[in-house]
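Trainee: Residue numbers (numbering that gives the first Met the number 0), protein chains in the order written: chain A, 0 to 225; chain B, 0 to 225.
These are computed hints drawn from the structure, not numbers from a lab. Heads up, some of the hints might be wrong.
[As the list claims (entries may be wrong)] What follows is a list of derived Cβ distance ranges for each label pair:
1. B:38 to A:0: 53 to 61 Å
2. A:212 to B:167: 24 to 32 Å
3. A:129 to B:132: 43 to 51 Å
4. A:56 to B:35: 27 to 35 Å
5. A:104 to B:24: 55 to 63 Å
6. B:106 to A:34: 34 to 42 Å
7. A:212 to B:141: 33 to 41 Å
8. B:146 to A:217: 38 to 46 Å
9. B:79 to A:215: 47 to 55 Å
10. A:11 to B:35: 44 to 52 Å
11. A:200 to B:118: 38 to 46 Å
We put the CB at the ideal spot given by N, CA and C, even for glycine.
2 protein chains.
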Amino acid sequence: METVLVVEDDEHVRELVSVYLRKEGYRVETAEDGEKALAMVRSAVPDLIVLDLMLPKMDGWTVCKEIRKTLTVPIIMLTARGEESDRILGLELGADDYIAKPFSPREMVARVKAVLRRLKHAGGSNDVLHFPGLSIDRNACQVEAGGKEIQLTPKEFDLLWFLASHPRRVYSREQILEQVWGYEYPGDSRTVDTHIKRLREKLKNPGNKNCIATVWGKGYRFEVTE
Amino acid sequence: METVLVVEDDEHVRELVSVYLRKEGYRVETAEDGEKALAMVRSAVPDLIVLDLMLPKMDGWTVCKEIRKTLTVPIIMLTARGEESDRILGLELGADDYIAKPFSPREMVARVKAVLRRLKHAGGSNDVLHFPGLSIDRNACQVEAGGKEIQLTPKEFDLLWFLASHPRRVYSREQILEQVWGYEYPGDSRTVDTHIKRLREKLKNPGNKNCIATVWGKGYRFEVTE
DNA sequence: AAATTTGTTCACAAAATCGTCACAATAACC
DNA sequence: GGTTATTGTGACGATTTTGTGAACAAATTT
């Protein structure tokens, strides 16, 4: 049975969330402030944490960063609407998902399930990403799609690794340039397009679906079908 | 029962790791700095050491080298993400595995088990590498390919040994220089190319496939077909 | 000391990659 | 439906990286 830690100062919300999660078969523990949350995490790591951003004593950001210093346990943030999602999901904080308040308990449960399912699919190791019909090995610099090895150029590999290690998240061309090419790349952002094109071509060989989706007007996203 | 020594300055992390290892049936001892760790190792050798890289008084690397002067006890390094991969790879020589922070305790336990299992299977000294149609004997400094003995020069042998003892993993020229030639070799990294060329030439004699692959833009990799 | 073997560097050829452009295709909008 | 903005695509040349042979230096052996 999987354990979810709910960190939330409002007792009503805490109870509500707990009830719904228990109904889905999760074991639920709760903490009403950041310090208690940290202490609990340190004594036994839950399988997932639902973390409110606004907390007494120590806010959600700090708690999240503190946890991330050592642990990779998935974290779902509860935020007031209007918070920048970029900052929450971004590399800086490293939350796995976020839910804007007010939220429906049903949606919350769905997100918890989704994150846990995603994590289960991605095997333990830090250096190999696994997806259905696609695995990416950072040490060997090898990509396997549908049982066949695929030859990628360095840039193609770096690009794929970046996108695949943040699945379902949209990145603009500028963000991709900054992350894959390096800080403040001076060139044309359309360069990304060309590399995406070549990647798609190489990846589509088998009956594999197109795993890099275009988000019109925004950028690109690594799809994961599950 | 097997004993694991956990060397880590952060008390929370130390406790966390200990709890998870004890749950798996290991006897756990802890040390909060390098000097104490060394003292403990000298009084009683554990079956495995989990060693943080960042330690007060004496850093993990130094501890590792110090231990390695006399002992072959397996060591798993805890490194902060963002550590230069060069350094991590450097550790790999002395360490048996490494885990990047943040990590999941489950993964940590899995790695500890894996390392101990590997060591148990490997039995005594690990001085001969066997691959299909190729065996490399470190004691005799002999290489046999397709039943025939092959004469290698010292550098060629060291290079082959290094690559073959980390199969499938890509190393840049700089990393190879650092590992095979020695720390901070001043010379030209293209020297590696020449030695790779000669190695390939000598190894290809039989119907043997080219076991040293070029990974364009990244470096070289020892292939293993199995 | 001479000869042989080993290691390093260099220059050039060969190969692969990368970025950019122009233009076609597509989606969004009025 | 037509217009505009955005994305897909193919091709080309410049650039980078690698393979290779040979010359030179260093080390080792005879």
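Trainee: Give a verdict on every hint.
Mentor: Evaluation of the provided hints:
A beta carbon spacing of about 42 Å between residue 38 of chain B and residue 0 of chain A contradicts the range 53 to 61 Å that was offered as a hint. A hinted range of 24 to 32 Å for the beta carbons of residue 212 of chain A and residue 167 of chain B is consistent with their spacing of about 31 Å. As the Cβ distance of residue 129 of chain A to residue 132 of chain B is approximately 30 Å, the hint placing it in 43 to 51 Å is violated. About 33 Å separates the C-beta atoms of residue 56 of chain A and residue 35 of chain B, a value consistent with the hinted range of 27 to 35 Å.
The hinted window of 55 to 63 Å between residue 104 of chain A and residue 24 of chain B is violated, with their beta carbons roughly 39 Å apart. For the pair residue 106 of chain B and residue 34 of chain A, the supplied restraint of 34 to 42 Å is violated, since their beta-carbon distance comes to about 26 Å. In this structure the supplied range 33 to 41 Å is violated for residue 212 of chain A paired with residue 141 of chain B, their Cβ-Cβ distance being about 54 Å. The supplied range of 38 to 46 Å is broken by residue 146 of chain B and residue 217 of chain A, whose beta-carbon atoms lie about 60 Å from each other.
Taking the beta carbon of each, residue 79 of chain B and residue 215 of chain A are about 39 Å apart, not inside 47 to 55 Å as hinted. The hinted range of 44 to 52 Å is satisfied by residue 11 of chain A and residue 35 of chain B, whose Cβ atoms lie roughly 49 Å apart. In this structure the hint that residue 200 of chain A and residue 118 of chain B lie 38 to 46 Å apart at CB holds, the actual value being about 44 Å.
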